[in-house]
Amino acid sequence: MFKHSLIRRIGAIGAAVGVLLGCSASLTCLAKDDSTFTVGFDAEFPPYGYKDDNGEYVGFDLDLAQEVCNRCGWTLVKQPIDWNSKDMELKTGAIDCIWNGFTMNGREDAYTWSTPYVDNSQVVVVRSDSGISELTDLAGKIVVVQADSSALAALDGEDASEENLELAASFKELQQVGDYNSAFLNLESGAVDAICMDIGVAGYEIKSRGDQFTMLEENVSSEEYGVGFLKGNTELRDQVQVTLLEMLEDGTFQEIAEKWELESSVCLSADDAYIDGTSLRSEKSFGARLLDIVSQLSGGLAASLAIFLLTLLFSLPLGLLVTAGRMSRFKPLSALVKLYISIVRGTPLMLQLLVVFFGPYFVFGIRTTSGYRFAAVIIGFTLNYAAYFAEIFRSGIQAVPKGQYEAADILGYSKAQRFFRIVFPQMLRNVIPAVTNEVITLVKDTSLAFAVSYTEMFTLAKQVAAAQTTIMPLFIAGAFYYIFNFVVAFVMDRIEKKLDYTRTR
Amino acid sequence: MNLLEIQNIKKSFGDLQVLKDITMSVAESEVISILGPSGSGKSTLLRCMTMLETIDGGSMSYCGESAVKTEGNTPVYASKADLARIKGYYGLVFQNFNLFPHYTVMKNLIDAPVHVQKRNPEEIRKEAQALLEKMGLADKGDYFPHQLSGGQQQRVAIARALAMKPKMLFFDEPTSALDPELTAGILKVLRELAAEKMTMVIVTHEIDFARSVSDRVIFMDGGVIVEQGRPEDVIDNPSNDRTRAFLKKLSGEENT
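In order, the protein sequences belong to chains A and B.
Position one of the first sequence corresponds to residue 1 (my numbering), numbered consecutively onward.
Position one of the second sequence corresponds to residue 1 (my numbering), numbered consecutively onward.
The hints are simulated quantities; they were obtained by calculation from the structure and are not laboratory data.
Keep in mind the model is a prediction, meaning the values are calculated, not measured.
Note that CB positions come from ideal geometry on N, CA and C, so glycine has one too.
Misleading hints may appear alongside valid ones.
Here's a subset of chain B near chain A, in silico, CB distances under 10 Å, partners left out [unchecked claim]:
#1 GLN117
#2 HIS146
#3 ILE207
Take these sequences, add in the hints, and give me the full structure.
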C-alpha cells in the first residue's frame with residue numbers, strides 16, 4: 001500500500017510539476033469565476049480546522065488555505081459544513097473544496113484530489129534480517145509504540161479496527177516508549193522485534209539509519225489527507241496544487257506545519273525525498289562528528305552546571321533554615337516543616353518540577369512566561385534538595401554531644417554564638433560525607449530538568465542522538481557526567497579533609 | 001560575704017524528687033567537697049547551682065545578687081542580662097572535659113574571653129599562655145583536643161574555666177573519666193588552686209583528696225545533706241549511720 005500510494009503521489013506530483021513548468025508565475029493562479037475561495041470544513045477537527053477559544057475558525061488546513069488565497073488574490077471564505085452533506089455542498093458550488101484533514105483512502109474516485117499533504121498511515125518497521133515480512137509474522141513478537149501515539153490508538157485505541165485489535169492481541173507484548181530514538185535502540189539491540197509508527201517518521205528514521213531496518217509493505221492503517229474538489233474540477237485543483245508546491249518550495253508550507261506541530265506528518269513533496277534511497281548520514285569523519293557532538297553538548301553542560309551551582313547556592317542555606325524550622329519548639333512550625341520534608345521526600349523530583357512549572361497556571365491561573373522555565377527548575381531543585389539537606393543537617397546537629405551545649409552555656413555564649421561558633425562547625429564536619437552523596441546525586445539529577453522541557457545536557461544528548469540516529473551522544477554525555485562528578489568528589493574530599501579537626505596535622 | 005547562698009532548693013525529675021530542701025553557702029576562698037553515693041543528688045545539686053538545670057523551688061544568690069527566688073510556689077529567675085553577669089562569677093569543669101574539638105587548645109582558652117567577655121585579645125592570649133604553662137601544657141597551644149591524653153584535656157578544661165577569671169569554680173567528678181595514674185596530675189592542680197585561695201566546690205569520690213584539701217565536707221544521700229563539717233569530723237568520725245556505711249563501702253572497694 002505504501003508503494004502504491006507513493007506511485008500515485010509521484011504521478012500527481014509529476015502532473016503538478018508539469019503545470020508549474022508550463023505556466024508563468026502570473027498564470028499560476030488562473031482567474032476563478034469570482035475572487036472568493038470557499039473552503040468547506042467540519043469545525044470539530046483540531047488541529048486541522050476547529051473553533052478556538054476565541055470563537056475563531058483556525059487550524060492547519062485553514063492556514064494553508066489562507067496562504068493559497070493570499071497568493072492567488074482570492075478571499076478565503078471559511079464555511080463550516082455538516083459533514084453528511086459535504087457532497088451536496090460541493091456539487092451545488094456552495095463550497096469550492098473540502099479541506100479538512102480529509103481522508104483520501106477509500107474515496108480515491110469520488111473526488112478530484114490534490115496530492116496527499118498529510119500522511120497519517122501507521123506502518124511497521126523491523127530489522128531487515130528479522131525474517132518478518134508481513135503483519136501475521138508479528139504474532140508472538142514484541143512490538144513497541146510511542147506512548148500516546150496514533151500507532152497506539154490504531155492498535156489498541158477505542159476506534160481501532162477489528163483486524164488491528166486481533167493483530168495487537170497476537171503480539172507477545174505491546175510496549176510503549178517515550179521517544180523514537182529509544183524505540184530504534186530497542187529494535188537494534190533486539191529488545192523488541194518491531195516498531196509501529198507514523199509513516200513520515202519511519203521514512204526519515206530508516207533513511208538516516210541505513211538499510212538495517214525495513215518497513216513492512218502492509219500498513220497497520222492507511223490514512224492520507226488531501227484537498228478534495230468536485231470530480232472533474234481539475235482546473236481549480238491544479239491552481240491550488242501548484243500554489244501548495246510553491247509554498248513547499250519557499251518553506252512556507254513547512255512553517256505552517258511547524259506552527260501546528262505537524263511537521264512529522266506532512267508529506268507534500270515536490271521531489272519525493274522519502275524514497276530516493278541515498279543516506280542522510282553526513283559524510284564527516286568519526287573524529288569530526290565526535291567534535292560536533294562534544295561542541296553541541298557543551299552548551300548543555302553549561303545549562304546543567306548552572307542548575308547544579310544555583311541549586312547548591314540556594315538549597316544549602318535554605319536547608320539550614322528548614323532544619324531550624326524542623327527543630328523549632330514552636331509546634332505548628334515544626335509540624336509544617338515536617339510535612340514539607342515528608343512530601344518532598346515521598347514524591348518524585350520529576351513530579352515536583354512539573355508542579356512548580358505548571359502549578360502557577362493550573363492552580364492559580366497565573367500565566368507563566370518562557371523565562372519561568374529555568375526559574376521553575378531552580379525553584380523545584382532547591383525545594384527538593386533543601387529538604388534532604390535539612391534532614392542531613394539535623395542529624396549532624398543531633399550528633400553534637402549535649403556536653404558541647406553545656407560547656408558553651410557555662411562559658412556564657414549566647415544562643416547565636418553557641419550555634420555559629422560551637423555547633424555549626426562540628427555539624428559541618430559530621431555532615432560532609434552525606435552532603436557529598438547528595439551533591440553527586442544532584443549532578444545526575446540535573447537531567448530531570450527535561451521534565452519541564454529545559455534543555456540541559458542529557459536532554460540535548462537525547463536530541464542529538466535522535467537527530468544523528470546514533471547512541472554516541474548519550475555515551476559522551478555519560479562521560480561528561482562522570483568527569484563532572486569526578487571533580488565534585490575531588491573538591492568534596494578536599495573540603496572534608498579541611499573540616500576534619502580530628503585529623504592529625 | 002558568701003559567694004554563693006542557696007536556700008531550700010528542690011528539684012524533681014517527673015515523680016522522682018532528687019533534691020529535697022537543700023540549704024548551703026560557700027564562703028570566699030572556701031574549698032568544699034561534696035561526697036555521697038550514686039543517685040544521692042550531688043551532681044544534680046551542682047547542675048542546679050550552675051544553672052544547667054532549673055530548680056523547682058528555693059532561692060539562690062551569687063555575691064549577694066539574686067539569681068532565682070521563689071514567690072509562692074514558682075521559682076522566678078533574674079533577667080537575662082542579670083543572669084549573664086551572674087554566670088560570669090563561676091566556672092564549671094566537667095567530668096568529660098567537654099572541650100571544643102574543632103578548636104585548638106589555645107582557641108579553647110581564648111574564644112569565650114574574646115567573644116563573650118570581649119576583652120583585649122592580646123592580653124587574653126598572654127594570660128592563656130601563662131595558664132597553659134601553669135598546667136604543664138606550655139607547648140600544647142596549637143594542638144587539637146583529640147591529640148591530648150585525658151589528663152591533659154582535663155587540665156586544658158580547667159585552664160579554659162580559669163581564663164574566664166571566675167570568682168569560684170565547680171568541679172563535677174573531675175577525675176572520674178581518668179585512669180588512676182592521670183588522676184594525680186589533676187588533684188595536684190586542684191591543690192595548687194586551693195593554695196592560691198581559689199573558691200571551689202568539688203563533687204568527688206576521692207576521699208583522701210577531699211580530706212586533705214577541703215575546708216568543709218558535705219555528705220549527701222537521698223537528696224538531702226546528711227552531714228557536713230570539717231573533713232576530719234565527717235570523714236574520720238562520721239556521726240551519721242548512712243555516712244559511715246558509705247565510707248565503709250568506699251574503703252572496702254579500695255582495699256579489694
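Here is how each hint holds up against the structure:
1. GLN117: This hint holds: B:GLN117 lies near chain A, its Cβ roughly 7 Å from the closest one there, short of 10 Å.
2. HIS146: With a minimum Cβ separation of about 5 Å from chain A (threshold 10 Å), the hint on B:HIS146 holds.
3. ILE207: violated, 26 Å
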